[in-house]
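Q: Sequence:
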Amino acid sequence: MLTIKLQRVGKKHQPSYRVVVAEKRSKLAGPPVEDLGSYDPRTKKAVLSAERVTHWMSKGAKPTVTAHNLLVREKIVNAPTIAVKMRKKAEEAPAEANAPPASPAPAA
236 MLTIKLQRVG KKHQPSYRVV VAEKRSKLAG PPVEDLGSYD PRTKKAVLSA ERVTHWMSKG
296 AKPTVTAHNL LVREKIVNAP TIAVKMRKKA EEAPAEANAP PASPAPAA
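When we follow the numbering used here, the leftmost residue of the sequence shown carries the number 236, and every step to the right adds one.
There may be inaccurate statements among the hints.
Distance condition first, Cα-Cα at most 27 Å in a straight line; then the derived DSS-like pairs of lysine-lysine [what the hints assert, rightly or not]:
no., residue 1, residue 2
1, 247, 324
2, 246, 294
3, 259, 247
4, 324, 280
Here are the computed distance ranges between Cβ atoms for each label pair [said to hold, decoys possible]:
no., residue 1, residue 2, range
5, 323, 286, 25 to 31 Å
6, 264, 300, 31 to 37 Å
7, 319, 263, 16 to 22 Å
8, 243, 342, 58 to 64 Å
9, 259, 315, 18 to 24 Å
10, 297, 262, 17 to 23 Å
11, 342, 250, 54 to 60 Å
12, 247, 341, 49 to 55 Å
13, 313, 244, 27 to 33 Å
14, 323, 280, 16 to 22 Å
15, 341, 243, 25 to 31 Å
16, 245, 269, 16 to 22 Å
Simulated from the structure, these hints should not be mistaken for lab results.
Even for Gly, the Cβ is constructed at its ideal location relative to N, Cα and C.
From just these sequences and the hints, can you work out the full model?
A: Dropping the structure here:
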């Protein structure tokens, strides 16, 4: 299945992204099917080929949540934005739930 997703490029601490069409389960650095444009999160500037994006979406490519919100912001897709769900840290929730109750200290 093809997806429209962001592929990170750039130096450490200076991210920029390519908007690409690639297989859903492909590796991050794997070769994309087609490059649709770029996005710079530091300046919030996106350069996208609207014609190619609509072409691939008509062929069945589905954008990821972040790519969808970017396409909505650039007015290429006419739809509401999707809330991005962040995962909680794995250490926080289970550590508190599995902790035994504190017993009082023995009197000396």
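Q: Hints the structure violates: just list their numbers, smallest first.
A: Of the numbered hints, 2, 4, 5, 6, 14 and 15 do not hold.
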